[in-house]
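Q: With these hints in hand, go ahead and build the complete structure from the sequences.
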Amino acid sequence: MYDVAAVREDFPILSRMIAGRPLCYLDSANTSQKPAQVVDAIADHYLHHNANVARAMHTLGMESTVAFEAARTSVARFIGADDHEIVFTKNASEALNLAAHTLSSRLGPQDEVVVSVAEHHSNIVPWQLACERTGATLRWFDVTDDGHIDLDKAHAESLINERTRIVSVTAMSNVTGVGAPLAQIASWAHSMGAVVVADASQLVPHAPTNVADLGADIVVFTGHKMLGPTGVGVLWGRYDLLASLPPFLGGGEMIEIVRMTGSTYARPPHRFEAGTPPIAQAVGLGAAIDYLEAIGMERIAEHDRAITAYALRRLAEVPTLRILGPTSGERGSAISFTLADVHPHDIMQILDSHGVAVRGGHHCARPLHERFGVQASVRASAYLYTTTDEIDTLVEALMDTLAFFKVRVDDEGGQS
Amino acid sequence: MTDLTALYQDIILDHYRAKHHSGLRDPYQVEVTHVNPSCGDELELRLSLDGDTIRDVSYQAQGCSISQASTSVMTDLVIGGTRDHALTLYDGFLAMLEGRGEVELDEEVYEDAIAFNGVAQFPARVKCAMLGWAALRDAILRTQGGDNE
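Chains A and B, in that order, are what the protein sequence lines are.
Mapping the first sequence onto the numbering used here, position 326 (from 1) lands on 326, and the numbers just tick up by one.
Mapping the second sequence onto the numbering used here, position 138 (from 1) lands on 138, and the numbers just tick up by one.
Mixed in with the good hints there might be a few duds.
As the list claims (entries may be wrong) - DSSO-like mimics (lysine-lysine), calculated; alpha carbons at most 27 Å apart, straight line:
| id | chain 1 | residue 1 | chain 2 | residue 2 |
| --- | --- | --- | --- | --- |
| 1 | B | Lys-19 | A | Lys-90 |
| 2 | B | Lys-19 | B | Lys-127 |
| 3 | A | Lys-406 | B | Lys-19 |
Stated by the list, open to error - Anything over 10 Å on all C-beta distances counts as not near chain B; from chain A, calculated:
| id | residue |
| --- | --- |
| 4 | Ala-6 |
| 5 | Ala-19 |
| 6 | Gly-108 |
| 7 | Thr-134 |
| 8 | Arg-163 |
| 9 | Gly-215 |
| 10 | Val-258 |
| 11 | Glu-302 |
| 12 | Glu-317 |
| 13 | Pro-344 |
| 14 | His-345 |
| 15 | Asp-346 |
| 16 | Gln-349 |
| 17 | Gln-375 |
Hints listed in this document are in silico derivations from the structure and should not be mistaken for laboratory results.
Nothing here was measured: the structure is a model prediction, and the numbers come from that model.
Just so you know, even glycine gets a beta-carbon here, dropped at the ideal spot from N, CA and C.
A: Spelled out as structure tokens, the structure:
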């Protein structure tokens with residue numbers, strides 16, 4: 001039996017009161033909360049082992065280097081990869097920029113890059129910039145009305161073809177919770193000789209992930225959505241691909257020999273880690289992975305499924321509520337929705353006065369909102385510490401929101 | 001709920017429900033588009049001048065109750081006045097919103113806009129309340145830039 005109460009004990013912030021009510025944190029797709037074990041690991045590193053890595057040869061420098069590289073090993077084990085394939089970045093956005101910048105060294109005006117309309121802006125803008133630089137064309141997967149990537153339409157228009165060099169899609173939408181058919185997309189893309197990038201920021205925190213099984217050549221995610229600190233992200237790439245790519249940022253640690261006439265570069269992953277890396281953050285991410293593994297990703301995924309099913313059932317009771325994406329079946333725990341006649345920003349405000357933390361806006365996925373014909377939405381997102389009671393609180397707060405705006409906006413009578 | 005009632009005063013909800021001067025109209029000298037990137041609110045605003053007098057402010061907007069109502073109230077206040085008067089109102093309104101409840105507006109001058117005093121307690125919403133005003137200011141400055149050419 002999954003003991004959510006015991007899990008919550010490790011997260012002091014979940015005991016906070018907001019506006020006189022217990023915090024009901026439903027914004028984990030934005031950033032997760034951190035267990036004391038992670039915060040303690042970071043504090044312990046700074047208080048007892050702090051030094052720069054690799055270039056400090058003294059005892060502390062060695063301890064720091066060992067801790068940093070141990071975090072890399074933890075990440076690799078967590079996603080079924082090899083240590084040398086794990087690049088630490090500052091977040092998933094930087095990882096995607098790294099991918100776009102280095103892969104676009106191969107792009108020319110005849111080439112095409114494919115993304116989907118369901119992408120987070122961080123998996124759109126770097127490719128737009130790359131296409132602007134190189135003259136390549138950016139093309140888009142559409143989605144069906146319930147948010148699934150429309151493979152039929154893509155095949156009908158030969159979206160991926162011999163001109164396609166890169167395909168970059170989300171492994172799980174941060175708006176609809178829909179997982180992309182990555183294996184199918186990857187085999188199609190690979191048959192055309194294209195490289196596949198997957199944004200797994202919303203997948204890796206919630207389900208057991210083996211990067212080799214996903215089918216992509218590069219997979220990115222971020223630490224702060226999986227109980228780790230902000231400031232550390234991860235890029236995994238097949239080693240032979242990484243070894244074939246040019247550097248991204250230049251600086252210390254990414255070099256082999258620097259001469260005034262030119263430099264040679266370190267091998268992956270260090271080639272892509274210029275400057276002092278996020279050392280304590282990586283140590284914190286390692287502690288987060290230890291925490292997740294101690295509970296077990298299968299059990300976390302099961303809890304996610306149960307909470308998601310419960311939330312979908314309860315939200316269906318709220319009048320005028322429209323969910324963006326699937327309303328049943330296998331899907332992620334981030335649930336975005338609208339209420340008729342109440343702007344998401346106003347919903348968020350009323351919910352906040354109930355202690356309920358959600359996100360209101362376009363969640364950095366404006367094209368997808370446009371595709372659904374809405375300007376913005378409210379997103380409630382769960383994680384391993386979320387309870388069914390919190391979902392009940394959300395539903396009550398939404399009912400109150402309707403009452404607040406209905407009474408004051410819609411039922412005034414005689415004015416419209 | 002006390003804070004909420006202070007934020008969502010009846011005047012604001014009235015304007016939200018029935019926006020004044022809404023819609024895009026001709027003729028106009030300047031058109032600007034402003035967005036609030038954090039929530040996606042978007043506003044297209046046109047400014048029409050008669051000499052130094054603001055003849056019309058027309059707009060098309062998508063947004064929350066605070067941004068919609070604030071834009072509506074703003075048009076009531078600035079249409080028929082001079083550009084400098086509108087810029088002075090802008091400064092005072094912004095000072096109130098950023099004043100954390102310490103700055104009061106003169107009701108004689110600001111009329112319905114005083115209802116936004118509750119927004120000052122919600123720093124995250126100041127941008128919402130300023131969206132229309134910021135667009136107006138931008139439009140006015142562009143016309144003044146034009147004068148100098």
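Q: A separate judgement is required for each hint: does it hold in the structure or not?
A: We went through each hint and held it up to the structure:
no. : hint                   : result
1   : B:Lys-19 <-> A:Lys-90  : 44 Å, violated
2   : B:Lys-19 <-> B:Lys-127 : 19 Å, holds
3   : A:Lys-406 <-> B:Lys-19 : 17 Å, holds
4   : Ala-6                  : 34 Å, holds
5   : Ala-19                 : 8 Å, violated
6   : Gly-108                : 32 Å, holds
7   : Thr-134                : 27 Å, holds
8   : Arg-163                : 33 Å, holds
9   : Gly-215                : 33 Å, holds
10  : Val-258                : 39 Å, holds
11  : Glu-302                : 34 Å, holds
12  : Glu-317                : 23 Å, holds
13  : Pro-344                : 7 Å, violated
14  : His-345                : 4 Å, violated
15  : Asp-346                : 5 Å, violated
16  : Gln-349                : 7 Å, violated
17  : Gln-375                : 5 Å, violated
In summary, the structure is inconsistent with hints 1, 5, 13, 14, 15, 16 and 17 from the numbered list given earlier, while agreeing with the others.
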